[in-house]
Structure formats: structure tokens, C-alpha cells
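Student: Chains A and B, in that order, give the protein sequences. Counted the way the UniProt record's numbering counts, the first sequence spans residues 1 to 212. Counted the way the UniProt record's numbering counts, the second sequence spans residues 1 to 212.
Hints should not be assumed to be uniformly reliable.
Said to hold, decoys possible - In silico BS3-like cross-links for lysine-lysine, where the CA-CA straight-line distance does not exceed 30 Å: (1) Lys121(A) - Lys135(B); (2) Lys135(B) - Lys135(A); (3) Lys80(B) - Lys80(A); (4) Lys32(B) - Lys135(A).
Worth flagging that the hints you see were computed from the coordinates, not collected in a lab.
Listed below, chain by chain, are the residues.
2 protein chains.
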Amino acid sequence: MTIKLHCFGESGNSYKAALPLALSGLDWEPVKVDFFHGATRSAEYLALNPIGEAPVMVDGDLTLAQSGVIQMYITEKTGKFGGATPDEARDVMKWVFFDNHKMSSQAGMLRFQMNFLPEEKRNQEVIGFVTARLKSALATLNRVLEGRDWLVGNGPTHADFSNCGYLYYPEPFTFDRVEWPNIDRWLDNIADLPGWKHPYDLMPGRPSDRGL
Amino acid sequence: MTIKLHCFGESGNSYKAALPLALSGLDWEPVKVDFFHGATRSAEYLALNPIGEAPVMVDGDLTLAQSGVIQMYITEKTGKFGGATPDEARDVMKWVFFDNHKMSSQAGMLRFQMNFLPEEKRNQEVIGFVTARLKSALATLNRVLEGRDWLVGNGPTHADFSNCGYLYYPEPFTFDRVEWPNIDRWLDNIADLPGWKHPYDLMPGRPSDRGL
Chain A
1 MTIKLHCFGE
11 SGNSYKAALP
21 LALSGLDWEP
31 VKVDFFHGAT
41 RSAEYLALNP
51 IGEAPVMVDG
61 DLTLAQSGVI
71 QMYITEKTGK
81 FGGATPDEAR
91 DVMKWVFFDN
101 HKMSSQAGML
111 RFQMNFLPEE
121 KRNQEVIGFV
131 TARLKSALAT
141 LNRVLEGRDW
151 LVGNGPTHAD
161 FSNCGYLYYP
171 EPFTFDRVEW
181 PNIDRWLDNI
191 ADLPGWKHPY
201 DLMPGRPSDR
211 GL
Chain B
1 MTIKLHCFGE
11 SGNSYKAALP
21 LALSGLDWEP
31 VKVDFFHGAT
41 RSAEYLALNP
51 IGEAPVMVDG
61 DLTLAQSGVI
71 QMYITEKTGK
81 FGGATPDEAR
91 DVMKWVFFDN
101 HKMSSQAGML
111 RFQMNFLPEE
121 KRNQEVIGFV
131 TARLKSALAT
141 LNRVLEGRDW
151 LVGNGPTHAD
161 FSNCGYLYYP
171 EPFTFDRVEW
181 PNIDRWLDNI
191 ADLPGWKHPY
201 DLMPGRPSDR
211 GL
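Please put together the full structure from these sequences, using the hints given.
Tutor: Laid out in C-alpha cells, this is it:
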């Protein structure tokens, strides 16, 4: 049965699940969540995910929310991307949690503020605050990637797929690859994987659909 | 060998690991991280955890960072708090990720801004923004706890220990238990567990040590 991923192109959190699905060889298809028209607040969507967020994965009778949980399920099904040893598996989870706590949460918020909120609602104080927090997370990531091709072990894992979630988007959110040479090189490593696609090519929906 | 948890009383992220350690029956002891004097930025600490955060757990040769990873390890060692079935285990992880992404991240930031930053550095625009985001996470939590004693299954799990991480602290951060009756009842359920302790009684360090 084809796995369905409820997602949308603008969602880096969705990309964190869609990218390993695409690279895993599993049979899957995206189902567009019409986030910008309030779809995640509908009763139907809340029945699927009471947290009211994308992505949600449906595989037969099983419904999973939170990209980190979907990533763990992909590893369970395929043996891929979860780390090669128990130590690596814990290290993968460490970086997936870091991403959820400090990286994507800031990057996603900042990109939303700076691009998708109506201009009169954008708050420069908030943008400044989140920018500083994102910079701190990027500095950590850039530091640990010194001399390394991947965050954990010798190949791609969910640690990479989680932390890169928002970093391929073209909209300005104060992240400039040239300032972070190790991140820049690592993003190229991920993009060179066979089957890699940009979030706007992997999932339905992009800002130009909304005239942006 | 006694497990060591590098932590400090003010850290809700540390509490998320210390509380299940305390309730698990494992032999452990807290080691104070002098966060307010910059301990997490020292070279020694960064060698322990390149992310530079508390908590860090050391069990013999094994060093783990991120509360969610330490929680998984406690389950691995004891079989406790990880959910009774594979479906429950995935649900536990869902709520642990939700906490890291949307709950503790906002609550911790807000409590820091409102209490531990020097008054001249507090930013009311940022406080307002984070307050709204925290309220949204609390609304989700309160809604899913309707008619339930625990977030997952019929007993306490890391889903509970993670999401309650900042919710017992007395410092004002816009969270008032009387506004959230289901959260209020659930916090009492957790506090009634044999061996439960308040974060300031479980871990070394509290604001009064710094004259606050």
C-alpha cells in the first residue's frame, strides 16, 4: 500500500519526512495540506493529528504525526538513516532533537515572519530576537560539521535530513550559505544524494501559487 | 555504577531527564552545571556536549545529551515510561517531540526573558510574541488531556515528563494553572507519583542562590 504524506511545499517540517521517504525507496505519495487556507485547523485534520500540524503520515491503519516519529518509522521499515550502531542511533536522535528544539523551530518561525506574514504584522523586534537564536543554532551546526561530511557516522541519516529541513528555501530568513562554509558543503552533500529533490519539487504547493 | 546527570535546578530541560531518573529506581546523582556563570560554554563542557546545553547524562563510558535521548535510554534500561505497545511508544515520542518543538522551547525562553534576564534587557515585544505561542501549545495540551489522566495510555510516560518540564516552576511566565483545568489536574497526577520531587528539590541550584 502506498504511504501517504500529508504535507505542503512551504513546510520544512514536512520536508524532514518527505526527503527520507523519497530517498528510502518506499512507495509513497504526497497529499497537499492547504495550510494557508486553514486546513490544519479543520475538525477533519485535527482528527488525523490533534496537534494540528503537518506532516502526518498514513500507512494503512497507522497514522503518525511529528517528523521525528515518521523518520523513526522509515528506519523501522527500511533499516536506513537511523545510524549503523546503537551509539550512532542515539547520536542521530540527539541531532533530531536539537533540530526540533533549536534549529527548525527558529528557522521556520523566522521565514514565516519575514515572508508569509502580511507586512504590517511583521515585528522587527521579534525578527531580531529569533535571528540571534537561529544564528546560535547555525554556529553550533557549522562547528560540529568541521571536517565532517555528515552529522553522524559516514553516511546520511535523519540527523542530516532533520537539520537541513529549512535550509534549501530561497526566501530570505537571514541564513546565507556563504557565511557558514561547513553547512554549505554539507548541504551540497545532501543535495548530491541520488533521488534528492528541492522541497518545492518534492511536495505540492509553493509561494508562487499564492502570488508571492 | 551511579549514573551522573549534569543539570541545574532552574533547567526544565534537565528536569525532563531528572524526573524519570528519580521515578525509575535507577541509581543516579545530579552534578551541578553552573549555567549562570557560563559553565555550558566552557571547553570542558563542550567536550561533553558539543551543543553546549544541559542536561548531559554519563553512565560509565556512555555520554548522552538531549533530554529526549536520555529518556529513551531510561526506557531501554528499565522498560519504564516508554509506552506499553509499539503504537504507544510512537505516541510517546510524538508528544516528546511536540514538547521539544512547541512547549518547553517557548516556556523556557519566556521564563528566562521574564525572570533571569536583567530588566533592561527584557523585550516586551518578544515576551508578547512568545506568550502567544506558548498559549497555543498549552491550548493543545489542555484539549488532549480532556477526560485523560495521562497523555498516552493508562500511566505516566516520558510524554508527561517532557511536557511538564517547565510547568511546576513558581516564577511568572504567563502560565497560570487555573486557566487550564485539564493541565492542572494532570500536573497533580504527576506530582502524586511516589518519589516525585519539585525541580528545585531534585536538582542543585535555585534562583535564591543568586539572590533572586
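Student: Hint by hint, note whether the structure agrees.
Tutor: Each hint, compared with the structure:
1. Lys121(A) - Lys135(B): 19 Å, holds
2. Lys135(B) - Lys135(A): Holds, at roughly 25 Å.
3. Lys80(B) - Lys80(A): Distance of about 27 Å is within 30 Å: holds.
4. Lys32(B) - Lys135(A): The hint holds at about 27 Å.
In summary, this structure violates none of the numbered hints.
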